[in-house]
Amino acid sequence: MATISKRGKHQWQAKIRRKGYPVQSNTFERKIDAEQWARDIENEMDRGVFVSRKEAESTTLYEALDRFIDEYIPNLKMVANETRRAKAIQAREIASLYMATIRTKHIAEFIKEREDEGVKPNTIRLDLAILSRLFEVAATDWGMESLSNPVKRARKPKLNGGRTRRLQPAQSKDEKSEEERLLEACGEKFRPVVQFAIETAMRRAEIANLTWANIDLKGKTAYLAETKNMTERTTPLSPAAIGILKGIPRRITGSVFGMSENAITIAMRRAREEAEINDLTFHDLRHEATSRLFENTDLDILEIAEITGHKNLQMLKRYTHLRTNRLADRLAGEKR
Numbered sequence: 186m187a188t189i190s191k192r193g194k195h196q197w198q199a200k201i202r203r204k205g206y207p208v209q210s211n212t213f214e215r216k217i218d219a220e221q222w223a224r225d226i227e228n229e230m231d232r233g234v235f236v237s238r239k240e241a242e243s244t245t246l247y248e249a250l251d252r253f254i255d256e257y258i259p260n261l262k263m264v265a266n267e268t269r270r271a272k273a274i275q276a277r278e279i280a281s282l283y284m285a286t287i288r289t290k291h292i293a294e295f296i297k298e299r300e301d302e303g304v305k306p307n308t309i310r311l312d313l314a315i316l317s318r319l320f321e322v323a324a325t326d327w328g329m330e331s332l333s334n335p336v337k338r339a340r341k342p343k344l345n346g347g348r349t350r351r352l353q354p355a356q357s358k359d360e361k362s363e364e365e366r367l368l369e370a371c372g373e374k375f376r377p378v379v380q381f382a383i384e385t386a387m388r389r390a391e392i393a394n395l396t397w398a399n400i401d402l403k404g405k406t407a408y409l410a411e412t413k414n415m416t417e418r419t420t421p422l423s424p425a426a427i428g429i430l431k432g433i434p435r436r437i438t439g440s441v442f443g444m445s446e447n448a449i450t451i452a453m454r455r456a457r458e459e460a461e462i463n464d465l466t467f468h469d470l471r472h473e474a475t476s477r478l479f480e481n482t483d484l485d486i487l488e489i490a491e492i493t494g495h496k497n498l499q500m501l502k503r504y505t506h507l508r509t510n511r512l513a514d515r516l517a518g519e520k521r
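Quick note on this note's numbering: the sequence shown kicks off at 186 and runs consecutively.
Read the hints as simulated data drawn from the structure, not as lab findings.
Within a straight-line C-alpha distance of at most 27 angstroms, the following computed DSS-like cross-link-like pairs (lysine-lysine) qualify:
#	residue 1	residue 2
1	Lys-496	Lys-405
2	Lys-305	Lys-502
3	Lys-297	Lys-341
4	Lys-216	Lys-290
5	Lys-341	Lys-496
6	Lys-337	Lys-272
7	Lys-194	Lys-290
8	Lys-431	Lys-403
9	Lys-343	Lys-272
10	Lys-305	Lys-290
11	Lys-431	Lys-405
12	Lys-374	Lys-361
13	Lys-216	Lys-204
14	Lys-204	Lys-191
15	Lys-341	Lys-290
16	Lys-502	Lys-341
17	Lys-216	Lys-191
18	Lys-305	Lys-272
19	Lys-403	Lys-374
20	Lys-191	Lys-290
21	Lys-305	Lys-343
22	Lys-290	Lys-337
23	Lys-343	Lys-496
24	Lys-405	Lys-374
25	Lys-305	Lys-337
Construct the entire structure; sequences and hints are all you get.
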């Protein structure tokens with residue numbers, strides 16, 4: 186039988202003594218929470234499914250994130266980014282809660298807090314992904330078997346349709362297109378990076394990590410050992426892409442472009458500012474390249490996915506409207 190006793194002005198202790206089980210106790214700010222906890226524990230004991238909550242009840246989310254950063258994040262690809270994200274969560278009020286006390290309502294409050302700050306839905310989803318994985322690891326690897334994952338039941342922010350920013354054409358005969366202005370603003374080292382991105386639809390990291398050892402100019406392919414999807418792939422290279430590569434001097438390091446991901450981001454920002462182009466990111470060049478594959482080739486969606494590395498064909502379906510005119514021509518019996 187559980188006993189509920191007052192501890193100080195603002196604390197209530199619930200204690201359960203039952204034959205065959207170690208004594209269970211926990212302290213709460215509200216009596217109702219202590220009573221609910223005791224009912225849950227006794228119910229599990231009655232059903233023979235009780236698992237000790239001792240470690241989960243004595244470990245805060247802050248402390249769990251510390252361990253997660255030390256033991257789990259180093260195995261991920263984007264170590265620096267994931268570490269920053271985890272440390273940012275540690276600065277939140279939710280981090281002071283014990284792991285066993287975190288419920289879906291707390292996750293919902295965290296989501297609303299982030300939304301009220303104007304944070305984008307995808308950023309919030311990345312935060313939730315860290316928390317969800319943390320609960321899974323704690324339950325399976327850290328002896329907190331009693332933990333359920335509150336993130337799984339929380340309402341996730343709805344993602345928008347994704348960015349659709351493309352390089353804009355010239356507005357008049359006297360003006361230059363955004364692509365022309367951007368390339369003119371690029372330095373000699375960065376210009377082929379931009380050209381290659383527009384031609385291949387490769388991601389920033391894929392371009393930064395590309396080495397000559399993985400380029401087959403004769404076979405017209407590039408082998409990408411690491412991608413965003415954590416899978417390797419070999420992508421075909423167009424004649425234009427081959428031409429760009431042939432114009433690049435070889436470096437002793439073996440790196441094709443000799444630029445890190447961060448260096449590419451900085452160079453893109455500088456070129457964009459010099460060219461006076463608003464709201465254009467390096468990743469938008471991937472969208473531009475993918476759009477051109479739909480507009481300028483007869484490749485089907487699976488063939489394009491082989492080039493771009495999209496694993497989810499739903500992501501590519503948003504480009505199919507670029508071929509609507511071709512469908513109209515085919516309905517009319519014309520060939521293109």
